[in-house]
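Keeping the supplied structure of chain D fixed, place chains H and A upon it in accordance with the hints.
Those sequence lines, one after another, are chains D, H and A.
Numbering-wise (numbering that gives the first Met the number 0), the first sequence opens with residue 0 and increments by one.
Numbering-wise (numbering that gives the first Met the number 0), the second sequence opens with residue 0 and increments by one.
Numbering-wise (numbering that gives the first Met the number 0), the third sequence opens with residue 0 and increments by one.
If you are wondering where the hints come from, they were derived from the structure by calculation, not from laboratory data.
Not one of these hints is a red herring.
The list cannot tell twin chains apart, which means a pair is met if one copy fits it or any two copies do.
Below, simulated SDA-like cross-link-like pairs (lysine to any residue); rule was C-alpha separation at most 20 Å, straight line:
1) K243 <-> F288
2) K192 <-> N13
3) K243 <-> G289
4) K98 <-> T282
5) K119 <-> H153
6) K154 <-> Q120
7) K154 <-> V165
8) K98 <-> S179
9) K243 <-> G290
10) K198 <-> R208
11) K192 <-> V23
12) K192 <-> Q138
13) K198 <-> R11
14) K154 <-> I116
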Amino acid sequence: MHKSTANTEPGRGNFFEDFHFGQVLHHATPRTITDGDCSLYIALTGSRQPMHCAQPVAHALGYRDRTVDDLLAFHIAFGKTVPDISVNAVANLGYANVKFVRPVYPGDTLSTTSTVIGLKQNSNGANGVVYVHSVSHNQNRQPILEWVRWVMVHKQNTSLPAPATVIPELDAYVAPDTLSIPDFADFHRFETKVTGSQKLWNDYQRSERINHPAGMTVDDSDHTMATRLYQNNARLHFDALMMKDTQFGRRLMYGGHVISLCRALSYDGLENAIGIAAINAGTHSNPCFGGDTIYTWTEVLDCWELPGRQDLGALRLRMVGLKNLPARELQNTHTEQNGRQVYHPNVVLDLDYTVLMPRR
Amino acid sequence: MHKSTANTEPGRGNFFEDFHFGQVLHHATPRTITDGDCSLYIALTGSRQPMHCAQPVAHALGYRDRTVDDLLAFHIAFGKTVPDISVNAVANLGYANVKFVRPVYPGDTLSTTSTVIGLKQNSNGANGVVYVHSVSHNQNRQPILEWVRWVMVHKQNTSLPAPATVIPELDAYVAPDTLSIPDFADFHRFETKVTGSQKLWNDYQRSERINHPAGMTVDDSDHTMATRLYQNNARLHFDALMMKDTQFGRRLMYGGHVISLCRALSYDGLENAIGIAAINAGTHSNPCFGGDTIYTWTEVLDCWELPGRQDLGALRLRMVGLKNLPARELQNTHTEQNGRQVYHPNVVLDLDYTVLMPRR
Amino acid sequence: MHKSTANTEPGRGNFFEDFHFGQVLHHATPRTITDGDCSLYIALTGSRQPMHCAQPVAHALGYRDRTVDDLLAFHIAFGKTVPDISVNAVANLGYANVKFVRPVYPGDTLSTTSTVIGLKQNSNGANGVVYVHSVSHNQNRQPILEWVRWVMVHKQNTSLPAPATVIPELDAYVAPDTLSIPDFADFHRFETKVTGSQKLWNDYQRSERINHPAGMTVDDSDHTMATRLYQNNARLHFDALMMKDTQFGRRLMYGGHVISLCRALSYDGLENAIGIAAINAGTHSNPCFGGDTIYTWTEVLDCWELPGRQDLGALRLRMVGLKNLPARELQNTHTEQNGRQVYHPNVVLDLDYTVLMPRR
Numbered sequence: 000m001h002k003s004t005a006n007t008e009p010g011r012g013n014f015f016e017d018f019h020f021g022q023v024l025h026h027a028t029p030r031t032i033t034d035g036d037c038s039l040y041i042a043l044t045g046s047r048q049p050m051h052c053a054q055p056v057a058h059a060l061g062y063r064d065r066t067v068d069d070l071l072a073f074h075i076a077f078g079k080t081v082p083d084i085s086v087n088a089v090a091n092l093g094y095a096n097v098k099f100v101r102p103v104y105p106g107d108t109l110s111t112t113s114t115v116i117g118l119k120q121n122s123n124g125a126n127g128v129v130y131v132h133s134v135s136h137n138q139n140r141q142p143i144l145e146w147v148r149w150v151m152v153h154k155q156n157t158s159l160p161a162p163a164t165v166i167p168e169l170d171a172y173v174a175p176d177t178l179s180i181p182d183f184a185d186f187h188r189f190e191t192k193v194t195g196s197q198k199l200w201n202d203y204q205r206s207e208r209i210n211h212p213a214g215m216t217v218d219d220s221d222h223t224m225a226t227r228l229y230q231n232n233a234r235l236h237f238d239a240l241m242m243k244d245t246q247f248g249r250r251l252m253y254g255g256h257v258i259s260l261c262r263a264l265s266y267d268g269l270e271n272a273i274g275i276a277a278i279n280a281g282t283h284s285n286p287c288f289g290g291d292t293i294y295t296w297t298e299v300l301d302c303w304e305l306p307g308r309q310d311l312g313a314l315r316l317r318m319v320g321l322k323n324l325p326a327r328e329l330q331n332t333h334t335e336q337n338g339r340q341v342y343h344p345n346v347v348l349d350l351d352y353t354v355l356m357p358r359r
Numbered sequence: 000m001h002k003s004t005a006n007t008e009p010g011r012g013n014f015f016e017d018f019h020f021g022q023v024l025h026h027a028t029p030r031t032i033t034d035g036d037c038s039l040y041i042a043l044t045g046s047r048q049p050m051h052c053a054q055p056v057a058h059a060l061g062y063r064d065r066t067v068d069d070l071l072a073f074h075i076a077f078g079k080t081v082p083d084i085s086v087n088a089v090a091n092l093g094y095a096n097v098k099f100v101r102p103v104y105p106g107d108t109l110s111t112t113s114t115v116i117g118l119k120q121n122s123n124g125a126n127g128v129v130y131v132h133s134v135s136h137n138q139n140r141q142p143i144l145e146w147v148r149w150v151m152v153h154k155q156n157t158s159l160p161a162p163a164t165v166i167p168e169l170d171a172y173v174a175p176d177t178l179s180i181p182d183f184a185d186f187h188r189f190e191t192k193v194t195g196s197q198k199l200w201n202d203y204q205r206s207e208r209i210n211h212p213a214g215m216t217v218d219d220s221d222h223t224m225a226t227r228l229y230q231n232n233a234r235l236h237f238d239a240l241m242m243k244d245t246q247f248g249r250r251l252m253y254g255g256h257v258i259s260l261c262r263a264l265s266y267d268g269l270e271n272a273i274g275i276a277a278i279n280a281g282t283h284s285n286p287c288f289g290g291d292t293i294y295t296w297t298e299v300l301d302c303w304e305l306p307g308r309q310d311l312g313a314l315r316l317r318m319v320g321l322k323n324l325p326a327r328e329l330q331n332t333h334t335e336q337n338g339r340q341v342y343h344p345n346v347v348l349d350l351d352y353t354v355l356m357p358r359r
Numbered sequence: 000m001h002k003s004t005a006n007t008e009p010g011r012g013n014f015f016e017d018f019h020f021g022q023v024l025h026h027a028t029p030r031t032i033t034d035g036d037c038s039l040y041i042a043l044t045g046s047r048q049p050m051h052c053a054q055p056v057a058h059a060l061g062y063r064d065r066t067v068d069d070l071l072a073f074h075i076a077f078g079k080t081v082p083d084i085s086v087n088a089v090a091n092l093g094y095a096n097v098k099f100v101r102p103v104y105p106g107d108t109l110s111t112t113s114t115v116i117g118l119k120q121n122s123n124g125a126n127g128v129v130y131v132h133s134v135s136h137n138q139n140r141q142p143i144l145e146w147v148r149w150v151m152v153h154k155q156n157t158s159l160p161a162p163a164t165v166i167p168e169l170d171a172y173v174a175p176d177t178l179s180i181p182d183f184a185d186f187h188r189f190e191t192k193v194t195g196s197q198k199l200w201n202d203y204q205r206s207e208r209i210n211h212p213a214g215m216t217v218d219d220s221d222h223t224m225a226t227r228l229y230q231n232n233a234r235l236h237f238d239a240l241m242m243k244d245t246q247f248g249r250r251l252m253y254g255g256h257v258i259s260l261c262r263a264l265s266y267d268g269l270e271n272a273i274g275i276a277a278i279n280a281g282t283h284s285n286p287c288f289g290g291d292t293i294y295t296w297t298e299v300l301d302c303w304e305l306p307g308r309q310d311l312g313a314l315r316l317r318m319v320g321l322k323n324l325p326a327r328e329l330q331n332t333h334t335e336q337n338g339r340q341v342y343h344p345n346v347v348l349d350l351d352y353t354v355l356m357p358r359r
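Next comes chain D alone, as it looks inside the complex (with noise of 0.2 Å):
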């Protein structure tokens, strides 16, 4: 006989002692991307990019389309590791070594892999670091994108045996020689009239920064709209009911909408950086809600040339973001507190990130 009012318990994801080294994680559900995915990111994040808006230009540079933002295909990937990664996450510790690999149009469906690469369980045996390395896939099984990230997570059966320690080694940043760079795309047919803006790679310096001058106010349909278009289901972002009783007090927003808004704020002052290559880090360090306005800075950390390439270069950028803050109204991430070094309340974004520009 069966039970008559069996209570299942759905969603329920995996804890510390789930994971094991070397365990392949298929996440669902594969996604294809379109065109009205393409222009939700426009109408959440006012991105102007014209590879991403306007297929002639893609088209006149080689590609076969125009291309999906890469935050958007990012997030979107992410989004779907959340179910089996980080739902029952103390915190989200990091990620490193994002690559985007191979342009991704409309019509693509990606399909994400996690593999688990490192383990460590913390020394009060409730919870610990699980580091796995992702990577998605389009429809023809090409990797297009893939990351690795770290997260505590708790551990539910605390009697169980720790697993081996093992902590990945993982670069500094992703190096000039190892990013995907489009070899059927000449950037010499670029026309700069179509960004506005004739500031190319070679009129960037190291040390040099930038104070983007508009802001946005994110209210709370905004980016719980754009959270749900990427199909991350962490509740934090959506049940305000839960949240009231949190530290927080309500929802809190998806650090990755927070990145791609600052991008698009980026646009006056960077408007060739017509893609990113690579994520080399970043830090969350705030908070942002509902209200908030957010404003960006960007610092040039390095200019690289790219191999065999005399018409694009690249650059290593720190974007910073603030909330209700303008970015020529602070001059340090940092401020002291109680004799120690932290970041500033109105930073919520500090990200390391490398984009392509064409050169002259």
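Below, chains H and A without anything else, positioned relative to chain D:
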């Protein structure tokens, strides 16, 4: 000579005396459903069903494209009937026999027609009940969706005689042998990795209850945007000024959107419910407003084999929607009030519907 | 040697002294308009025009696809001019001669160019008026949309001499024999059942006033999302922190979006106004903000036959937009204030435009 300042009364709609038995109404305006609508539906509900999100998944099963979410098609078809049927409604009394007849694909255009199949003037003479049978066709004149609905409508000219009373007989539910099952599709090819759950039709049992864990806070922008997308122009969803003077005091959420939210929230626990075959009945027991957080539970009412199909079964489900109360915190939909059983004030939806699910 | 911490000033825009007569500005960035944009436009405005929503309706009349809503195309084309023309505007003074020259289809890419056709420095020497003629082309270099606009712009370097004053002559309205009428389309094939109204061109008369019944409350997410979709980056629509210190105290709704809302609300009563041929003039008499409820009425200014067309006529209309006051509750747009006739404080829009409508 023409009148110099004629005032016309557009959007008047039909009153009780305008309906007659057997009358056929062709509803404006036809609507092409596109990838854009599908993306917005994901962004507004958080839906993750792979049949609607991933073209290769649909292809592998024998569909010619990913399908439009059943409820998105329903809301658009339904919205078209509002100006003719319910703009003067006192109350939307019920719906039944909602049958999803054929898949809708992005690019299909829906046109909807209603036939008056019942009329009953109320004893007060001031209003009456109209029953309509509505069918939505695609551009190839194939029926894709049908339903019966009854509404109480104001009578404007109360001096007109009452029509003969006709009350249609309605089945309590859509019988399993009358469900439209996609005969071209082979669900033996279905892979559970695309949904992330190995729980198939065989694993559900009658009386089982599933408390879906996630909650979704809905802001006014979310539900009004959804209802505009559905082109449902019932004014009580949109006009906050008009609603200020009603019992509600504010804009009312479209009940159909609550169904969509509950369906999306029920993904965790019903991952392999790949499509809706029928809606048998539904009660919108309490109103929802912007700011409410929606939760849901599901009870399995019946597990049906389908004639001639070893790859697919049907589940008749009861989906209960709640506002501002997680599903695990409420045992019963009803509570006693003055000696009567009434819906608990946090229960907003009680839906009886039938899904298709692959079996092993 | 390079400067170590150069600060650049991106997004500076043009000041009065940067404009000269005959100057041509190529606006960044080209934009492909897709099905996704069209769906968002429906979701943001509630538009129901069948030419834009239903492919078979457009096909039957001779169009190669459903068309992009005229105002969506206009807003996108217009938005592109903001960084070059009006980012330093003291005031947007007016626009005229807006001509919709050719249909825009999903997939078309718009590029916009402006020519300076007039300049007049104000006597204070601190600013001046710039007149531009803007044209938007599709990917086949066919003009699809053009307009004249004049803005008052700050002069940064007031020591520079004033330019020669040139004030272009502008017609009061676009004459009927200069309207672009689709010569490939046959509106004898138009079926009124697709719009739900049998009221055609012949049935309207001069001076007729239509109080459109519906109201639409607009939240901050709605109008900011729309304005981002249009890629109009004027900061006063987005930056609540910056706006807190202005006379408005909050984000200002883009006036073009108010036109779109009124156009959508006017569907009930103008169902067969299948497209916009021209905008003759427009006044945004009062600002709109998130939370406002928009209503509208229409007055018929003129009923024009079109040369050589028995299937189609034109109506010159005055569309009046109101906030927080239903159309039936206001008789006149103007009211007396200190002996002067000024716009009633609830009147937000006074638009003179021309639509095409099938005739019998």
